[in-house]
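Asks: Working from the sequences, and respecting the hints, build out all of it.
Protein sequences appear in the order of chains L and C. So that you can map any letter, position 318 of the first sequence is 318 in the UniProt record's numbering, and since no number is skipped, the others follow by simple counting. So that you can map any letter, position 159 of the second sequence is 159 in the UniProt record's numbering, and since no number is skipped, the others follow by simple counting.
By construction, these hints were calculated from the structure, which means they are not laboratory data. A hint or two may mislead.
Intra- or inter-copy, both count: the list cannot distinguish identical chains.
Unchecked claim - Heads up, simulated SDA-like pairs for lysine to any residue below, C-alpha to C-alpha not over 25 Å straight-line: (1) 208 to 169; (2) 256 to 233; (3) 45 to 166; (4) 203 to 146; (5) 208 to 147; (6) 256 to 168; (7) 203 to 169; (8) 283 to 57; (9) 229 to 132; (10) 208 to 166; (11) 229 to 128; (12) 208 to 174; (13) 260 to 40; (14) 256 to 167; (15) 246 to 204.
Number of protein chains: 2
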Amino acid sequence: MGRKEQEKDLRLRGDEIKIFCPATVANVNCGFDTLGFALEGIGDKMVFRKVSTPGVTITVITGEELPMEAHNNVAGVAGNAMLQGIQADFGVEIEIHKNIRSGSGIGSSAASAAGAVFGINQLLDHPISNLELTRYAMKGEALASGNEHADNVAPCIYGGTTLITGYDPLRVISLPPMETVYVGILHPHIKIATKDARAILPKEVPLKDAITQAQRLAGFVASLYEWDKQLFIESVQDVLVEPHRKQLIPHFDTIKTLSKEHGCMAFGISGSGPSLFAFAFAKANIESYLMASKAYYKQQHLKVDTYSSQISGTGCQVIQ
Amino acid sequence: MGRKEQEKDLRLRGDEIKIFCPATVANVNCGFDTLGFALEGIGDKMVFRKVSTPGVTITVITGEELPMEAHNNVAGVAGNAMLQGIQADFGVEIEIHKNIRSGSGIGSSAASAAGAVFGINQLLDHPISNLELTRYAMKGEALASGNEHADNVAPCIYGGTTLITGYDPLRVISLPPMETVYVGILHPHIKIATKDARAILPKEVPLKDAITQAQRLAGFVASLYEWDKQLFIESVQDVLVEPHRKQLIPHFDTIKTLSKEHGCMAFGISGSGPSLFAFAFAKANIESYLMASKAYYKQQHLKVDTYSSQISGTGCQVIQ
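Replies: Okay, here's the thing in C-alpha cells:
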C-alpha cells in the first residue's frame, strides 16, 4: 500500500460506527410471509469501518460460530449486494457480535442482513431509502433460508410493525404502533431449519381457510389504524400455517393453553419457529406466563430462553 | 276487525316511510366474501307501513317478477327474521319497487333484504344497531344464494366501503372513504346463478395465491387509511377467484383490456357476476370505457346496461 493509500485508509478508519440490530417476530399468526415487528432490547451489535479495500471484510464474530467469508455470511452477502448496487468506491470491515441465537426463529439472520445494509448506509453521504435497504438485505436472507423474503428484515430496518403488501414490486407499509402490547418470547432449545418448516406446509389450502386468513390480516391492519383492542385480539389468529407447523414444536398445545391461563390474548409461532411469541396488555401477564411455561419445559427436560419485551418503534440504530 | 283494531290500524298507517336502498359491489377483487361498497344513485325504492297484522305482508312489487309470499321473498324473510328477533308487537306492509335487476351481480337481493330491515328499523322507537340489522338481512341473502353472507348487505346498510373481518362473531368495519374514485358498472344481459358461480370455484387454492390475496386485501385496507393511490391500484387485484369465474363472462379479457386502454385503474367481477366494475380517478375515463365496451358487446350481439357512479357514503336512506 502506498503512502496515499495508507492515508486514505486512515481517514476512512475514522468513520467507525456501532449499531444495534433488533430481533424480530415474523408472520405474527395472521400475516404469513407478510407481517413482522421489531423487539425492544433484544438484538445484535455490529461495528462498521470504512476501508479502501473493496467489498465486505468480516473481521470479528462473537457469540455464534458463523462463517467469516463474506460470500458465506448473510451480513457479507447483503453488504456486498449493497456495495455493488450503489457502486461504492470504498469497502467495509464488519464486526458481528451475535446475541440472537441462530435458528431461534426471532430473526437472527435478518438482524445480520439488515444490520449490514443499515450500517453501510450510515457511512454514505447520500443514504438510500429503507425500501432499497430492504431489497439488499433480502439477498442475505436468501443465503440463510433459500428464498428472498422481507418479513424479518423489513421490521428490523423500519422498526415497529411492517406489512409486506407485495414483492413485485416490493412494498413495505409501516403500520401504526401497538404501544400498549407486551410481548413474551419463549425459545425452546430445539433446531428447526427454515427449509424444513417450509417443507411441512401443504402446497394447497382450503379456499375457506384462505378467506378466513385474509379477513384476519385485514382485520389486524384495520385494528391498528383504529386501535380496536377487541378486533386486534380476534385478528391475531392463524388457521393456515399453525396447524401444520405446531407439530415441529414440542408441547405446543400445552404452552398455548398456559398462555391463555395467564391472561395472554394472542400466542403463536415466531417466524418458522421454534420460538413462540405471546401478546398481553399487561407486563405481569407476560412474566407469569413465561415463568410457568419455563417451569413446564423444565419438567420435560427441555431448556428454554425467555424474553419479556415490547414492540420497538425503532429498527436498527446507531449506538455509538 | 273491530272498531278498536281499525282505529289502531289507521294510526299505524300514518307511519308510512319510503326508502332508497342502493346497489352494491361485493368482493372488489381482493376481498372475496369480505369487501363491498355502495353505489350512488342506483338502487331500489321500498315503502313501509306499520300495521297490526303481525309479520311482513308484501303488498306491491314493481320492476321485477318476484314472489309476493313473504317466506319466498328475501325482503319478507329478512323482515320477518327481524320482527321475530325484536319481538315486535306490530307488522309491516312492504311495497318493493325494484330498479336493480335480479341476478345482475350488483346486490339486487341484498338491497331488498337490507332495505327490509332498515325500513322496519325506522319504525321503531328504539332502533337497533347496523350490526344487528346486518345479521337479520343475512337471513334474506340465504334465501337468495343458499348461504348467509354479508358482503352486499353490510355496505347496503352501512354505506361506503365495508370489510367483514369475521362471521363468528360477525364483525363489520366501515373503511375510510375512497372519495375520488369513479365507478363504472357494465351489466351484460346473461344469467349467472350465484350457486353456479360458487360451484366453479376450486375447494383448494395454492398457498402462495392465498398469501398474495391476503397481502392485496391488507394493502387495500392500508391504502384507504393512508389514501395511498398507488398502493390502492396495486391492491385491487384478484388472483384467487377471477381466473375461475371469468370463464362465465363472455369476452371478459377483451373488456378488461378495454378498461385499461381507457385509463381505468382497476377492473373485475362485481359479486358473482355477470356485472363488471371498473375504477378510475376521472369520470371521463369511466364514461369512455363504458361507451367502448357497450359498443363492443353490441358488435357481439349482446345487450348490456351501463352505469356511471361513485361510492356512496350513505347506505339505505329515508327519502320521504
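Asks: Take the hints in turn and mark each one as holding or not.
Replies: Results of checking the hints against the structure:
1. When the C-alpha separation of residue 208 and residue 169 is checked against a cutoff of 25 Å, the pair qualifies only between copies, where the shortest distance is 16 Å, while the shortest distance within a copy is 28 Å.
2. In this assembly of identical chains, residue 256 and residue 233 lie within 25 Å of each other by CA distance solely inside one copy; the values are 15 Å within and 39 Å between copies.
3. For a Cα distance limit of 25 Å, the shortest separation of residue 45 from residue 166 qualifies neither inside one copy, at 30 Å, nor across copies, at 42 Å.
4. Only within a single protomer do residue 203 and residue 146 lie at most 25 Å apart by alpha-carbon distance; the minimum there is 17 Å, versus 30 Å between protomers.
5. Taking the closest pair of Cα atoms, residue 208 and residue 147 come within 25 Å of each other only across two copies (13 Å); inside a single copy the shortest separation is 27 Å, beyond that limit.
6. In this assembly of identical chains, the alpha carbons of residue 256 and residue 168 lie at most 25 Å apart only when taken from different copies (21 Å versus 36 Å within one copy).
7. In the homo-oligomer, the alpha carbons of residue 203 and residue 169 lie at most 25 Å apart inside one protomer (24 Å), although the nearest pairing across protomers, at 29 Å, exceeds that limit.
8. With identical chains, the CA atoms of residue 283 and residue 57 are never at most 25 Å apart, being 41 Å at best within one copy and 58 Å at best between copies.
9. Within a single copy, residue 229 and residue 132 get their C-alpha atoms only as close as 33 Å, which misses the 25 Å cut-off; across copies the closest is 21 Å, which meets it.
10. Taking the shortest Cα distances, residue 208 and residue 166 sit within 25 Å of each other both inside one copy (22 Å) and across copies (12 Å).
11. Taking identical chains as interchangeable, the C-alpha atoms of residue 229 and residue 128 lie at most 25 Å apart only when they sit on different chains, with a minimum of 23 Å there against 36 Å within one chain.
12. In the homo-oligomer, the alpha carbons of residue 208 and residue 174 lie at most 25 Å apart only across protomers (23 Å), although the nearest pairing inside one protomer, at 28 Å, exceeds that limit.
13. In this assembly of identical chains, residue 260 and residue 40 lie within 25 Å of each other by CA distance solely inside one copy; the values are 23 Å within and 46 Å between copies.
14. Only between protomers do residue 256 and residue 167 lie at most 25 Å apart by alpha-carbon distance; the minimum there is 24 Å, versus 32 Å within a single protomer.
15. Proximity of residue 246 to residue 204 under the C-alpha cut-off of 25 Å is found in both arrangements, the shortest distances being 18 Å within a copy and 21 Å between copies.
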